[in-house]
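Student: Each chain is listed here by its residues.
There are 2 protein chains.
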Amino acid sequence: MMAGMTETPHPLYDRHADTLHRALTAITERGYWSAYPESPSPWVYGETAAADGKAAFEAYLGGDFPLDQPGAADRVATETSPFGVALDVRYPHPGADEVVAAASAALPAWRDAGPQTRVGVCLEILARLHRHIFELANAVQFTSGQAFVMAFQAGGAHALDRALEAIAYAYAEMTRHPGTAGWEKAAGKGDPLRMTKTFHVVPRGVALVIGCNTFPTWNSYPGLFASLVTGNPVVVKPHPRAVLPLAITVRYAREVLAEAGFDPDLVLLAPEAPGEKLASTLALHPAVKIVDFTGSTGYGDWLEANARQATVYTEKAGLNTVVIDSTDDFAGMCRNLGFTLTLYSGQMCTTSQNILIPAAGIDTDQGHKSFDEVAAGIAAAVGKLTADPARAVELTGAIVNDGVLERLDEVTKVGEAVLESRTVTHPALPDAVVRTPTIVKLAATDTEVYGREWFGPISFVIATDSTAHGLEILRSTVGECGALTAAVYSTDEAVLDAAEAAAIDAGVHLSANLTGGVFVNQSAAFSDFHGSGANPAANAALTDGAYVANRFRIIQSRRPA
Amino acid sequence: MMAGMTETPHPLYDRHADTLHRALTAITERGYWSAYPESPSPWVYGETAAADGKAAFEAYLGGDFPLDQPGAADRVATETSPFGVALDVRYPHPGADEVVAAASAALPAWRDAGPQTRVGVCLEILARLHRHIFELANAVQFTSGQAFVMAFQAGGAHALDRALEAIAYAYAEMTRHPGTAGWEKAAGKGDPLRMTKTFHVVPRGVALVIGCNTFPTWNSYPGLFASLVTGNPVVVKPHPRAVLPLAITVRYAREVLAEAGFDPDLVLLAPEAPGEKLASTLALHPAVKIVDFTGSTGYGDWLEANARQATVYTEKAGLNTVVIDSTDDFAGMCRNLGFTLTLYSGQMCTTSQNILIPAAGIDTDQGHKSFDEVAAGIAAAVGKLTADPARAVELTGAIVNDGVLERLDEVTKVGEAVLESRTVTHPALPDAVVRTPTIVKLAATDTEVYGREWFGPISFVIATDSTAHGLEILRSTVGECGALTAAVYSTDEAVLDAAEAAAIDAGVHLSANLTGGVFVNQSAAFSDFHGSGANPAANAALTDGAYVANRFRIIQSRRPA
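First to last, the protein sequences are chains A and B.
181 is the number of the first residue of the first sequence in my numbering; add one for each residue after it.
181 is the number of the first residue of the second sequence in my numbering; add one for each residue after it.
Keep in mind that a hint or two might mislead.
Where chains are identical, the list cannot tell them apart; a pair therefore holds if satisfied intra-copy or between any two copies.
Capping the alpha-carbon separation at 20 angstroms, the derived lysine to any residue pairs in SDA-like fashion look like this [claimed, not checked]:
| no. | residue 1 | residue 2 |
| --- | --- | --- |
| 1 | K564 | D509 |
| 2 | K369 | A741 |
| 3 | K365 | E218 |
| 4 | K621 | R202 |
| 5 | K234 | P220 |
| 6 | K457 | G275 |
| 7 | K234 | R311 |
| 8 | K593 | D626 |
| 9 | K457 | V492 |
| 10 | K365 | D232 |
| 11 | K365 | R202 |
| 12 | K564 | V629 |
| 13 | K365 | E209 |
| 14 | K369 | E484 |
| 15 | K365 | W213 |
| 16 | K621 | V594 |
| 17 | K593 | F699 |
| 18 | K234 | A281 |
| 19 | K621 | G362 |
| 20 | K369 | D232 |
| 21 | K593 | S214 |
No lab work stands behind these hints: they were computed from the structure.
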């Protein structure tokens, strides 16, 4: 047995073993579980937590971000807040070779520490981040444009849950084989053949995580922690407009790594200057063997085609689709869909875009509703949620970037608005860019319009010949362009089954008859899969065995016993 | 719940559940286990089994192979036996679109049958193949050039073990999540949120298996059965010189599928005519989503670069390396290495090629041995095994194709032969092409020679400055060119540890101090991993979680409970 290769778990493993084992149970049951409370209430987090977190966030503004890592001598500041708040945080700005060299040097000791020690350290990083959850939430809010509660939940608690989920899957995968095994085979009349075999978990190399603007933590944490816990040093390349949440993440990760006796360069921040194309340089670096990316289809496709030395995980654009056939709760359906369209101004990769309704209308608990009545019902629900500016902005947040505003303008030319987008003045933050959702009416033949993603508070009500026609459109558009979510409303079991069959064919997750407090754009860690890897919107799911299994290899050695 | 999607396992699942569960235990323990006896003895298989199998094999020769599948109207015959036996079997010759269309049409019912039913059917296919193991062994022998016992073991029993191993991994992966789960989340003062979630295992699409000349079954079965059991129809494209073993496989697979009530087009044979490039056409077909390939580095690299619509698993060439530092059993070491070099005339992807020995010689139980004495010891062991033609051919088998003969000629020009290759006349099969191994002496600076694969009975003894130098060569050449096996001989624990560290860095499996009945070129299913996916010789291991996890996706549907 090699010195240092037999695992004596780090004390941090013992500290977090219960959490790990609860998470391991959760991923096999896939019922409800969460490790990190999603309520920002002082009853949960303490009286001063919110103010302390806000103060910590504000202390970063206008200064050099405290990170002792390569590139600290050079600085870059690229963020603009959708809420109109000056950020001006200056981050270390390492070169690609510099950051990859530092990461590579940190690899061997981390690899040799073994799965249990790595899990212990990673769970301690999550605990440390959880302790700073309000600081993280403020950073997510002011870079992404999410309203505070959403930033706290999606950007804090749920992101940590998804990280823990990824760690649990990776631990299960790394330990499905024993570290050593005896092998004994009968050999005729002689002594049996006896061997001792050792199975080493070996990382692939340096991992790169390319963050997005809208969900800098939630979309980055699964890949970051799946790669790190399997032994790969991670270079985090944030979106230029959402650096701070990942800088905070890297800061506390490095703090824990150093405390645990490891090289903090196992996690490095690599922000890019405008026009620098650092993401591409890093993605093509020969030492980079894993890339996780969330963002545009164009760049995701480029990564898949060009970063051939790496295993590439992408989440890209899609056409999230709703098929409405009938409902026994028309008000609940409209309220539910209205909330989905309003939340974060529809700037979620899971927000429904294409709502397919039979032109002849639908049967409901309120009697037959015409196509226009269904559209008006959804529009009214959005209208109600956004009528009061103070309440509206706590749901919509702010518009993440100018691209969304341009699409809001462009969409006015493609069809009749059932609901027009309005500008809302944020009561507390007058420079915040706030828009309410628009809903535009289209014909089923308008595939040139609804056949591409209109990211932002833009959705379409599309008149179909029938529910079957709607399912056919779901099947063809999602099959071709992908989707992260699909939904169906029907009181007819046969229609629900047909929708499920269409979803299976198109490779998209389906939600049926959501009328209450569960929304199609939300997925719960440990239970719901996010993305499927079975349609063009994403080449992997968060989080399953396939998401973690290729992040490491087993290297075996055998000796006569 | 969708009609037909809830699994009521097929009776074949019950029939084979014990085998499945024993295999599931084996893959978590990775000790010794085998499901299919490797001895062709009549005591195991019955008095008439060998003769019946030979007769069944001979009945195929010179005729139309009995396969009722697309392409049966056209026929192709491309095989030439290394043993000089006329084969002339004519196989159905479908076009790419034809075979992919047939496979695609068979997919939905197989997908919807669920994991347990698919496992039951696949294990019945293995049982059926096992019943015809002598027929398979003859087909493997006379197409690959393996001697009979090896063809029976590697091409029959061990191939079936590897198939079962892949099925067990796939089953574990498909069922790590439940088929359905309840989800209940507290919601303040109101009723909890309750959802019912269904998780469907969904295949990727049509799978393509591209077989090789030397191990038509052993190298094809893991991919074939991993893809099939996860719901993907499989198109089997055999090597033009080794069609029969896979034709027999497809025949019995189709027989079982039809008996079990499934479309036999779930498994199809697609042999190619000379120059047709059917493998490439199939590999680029948009409906083909998985490709398994064993063969040359050039073609494997081409597949990885071009079959972008598919997940591609490749096993390619490499530089299998031995580092000799010292031994306490010089005779055993020479005997063990001599056997490895002789078996199947070194035509295994796992046969050692580069044997690195300090120029100053090594310490042994027989005192110090000079470099030349070590080389002579290995050469003598080969000589002893090959001295008697009748015994020799039962180890060496025959030379698989002219490329090997050309390399045997070429290698005479690159260095001094410690052992020259000899032509052996097969006592029973006078047209068999039989050659004994050659061993050529090189300097460590001859990287242009030993830095590429010389597939066949060709190995090099290479003089190094020291053991450390040898390990450095292992690290660099295997890191750059890949390897499927590595071995070390040393009495010094520090050297064994250093070799293990080098193997981990290079990403290659290591065998230490093999002097008895375990050989570096042999890997045992359920215990040894074959290939690692961590060096250029293969992008995946046979068989682990990563090998199966990407062959299917989970599609979820959720409804309020």
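Student: It remains to establish, for every hint, whether it holds in the given structure.
Tutor: Outcome of the hint check:
{"no.": "1", "hint": "K564 to D509", "in the structure": "within (18 angstroms within a copy, 86 angstroms between copies)"}
{"no.": "2", "hint": "K369 to A741", "in the structure": "within (19 angstroms within a copy, 63 angstroms between copies)"}
{"no.": "3", "hint": "K365 to E218", "in the structure": "between (54 angstroms within a copy, 12 angstroms between copies)"}
{"no.": "4", "hint": "K621 to R202", "in the structure": "neither (47 angstroms within a copy, 59 angstroms between copies)"}
{"no.": "5", "hint": "K234 to P220", "in the structure": "within (13 angstroms within a copy, 75 angstroms between copies)"}
{"no.": "6", "hint": "K457 to G275", "in the structure": "within (11 angstroms within a copy, 45 angstroms between copies)"}
{"no.": "7", "hint": "K234 to R311", "in the structure": "within (13 angstroms within a copy, 72 angstroms between copies)"}
{"no.": "8", "hint": "K593 to D626", "in the structure": "within (13 angstroms within a copy, 71 angstroms between copies)"}
{"no.": "9", "hint": "K457 to V492", "in the structure": "within (18 angstroms within a copy, 29 angstroms between copies)"}
{"no.": "10", "hint": "K365 to D232", "in the structure": "neither (64 angstroms within a copy, 29 angstroms between copies)"}
{"no.": "11", "hint": "K365 to R202", "in the structure": "between (38 angstroms within a copy, 17 angstroms between copies)"}
{"no.": "12", "hint": "K564 to V629", "in the structure": "neither (27 angstroms within a copy, 77 angstroms between copies)"}
{"no.": "13", "hint": "K365 to E209", "in the structure": "between (37 angstroms within a copy, 15 angstroms between copies)"}
{"no.": "14", "hint": "K369 to E484", "in the structure": "neither (56 angstroms within a copy, 47 angstroms between copies)"}
{"no.": "15", "hint": "K365 to W213", "in the structure": "between (45 angstroms within a copy, 8 angstroms between copies)"}
{"no.": "16", "hint": "K621 to V594", "in the structure": "within (9 angstroms within a copy, 76 angstroms between copies)"}
{"no.": "17", "hint": "K593 to F699", "in the structure": "neither (30 angstroms within a copy, 73 angstroms between copies)"}
{"no.": "18", "hint": "K234 to A281", "in the structure": "neither (35 angstroms within a copy, 60 angstroms between copies)"}
{"no.": "19", "hint": "K621 to G362", "in the structure": "neither (67 angstroms within a copy, 37 angstroms between copies)"}
{"no.": "20", "hint": "K369 to D232", "in the structure": "neither (75 angstroms within a copy, 29 angstroms between copies)"}
{"no.": "21", "hint": "K593 to S214", "in the structure": "neither (44 angstroms within a copy, 68 angstroms between copies)"}
Violated hints for the displayed structure, listed by number in ascending order: 4, 10, 12, 14, 17, 18, 19, 20, 21.
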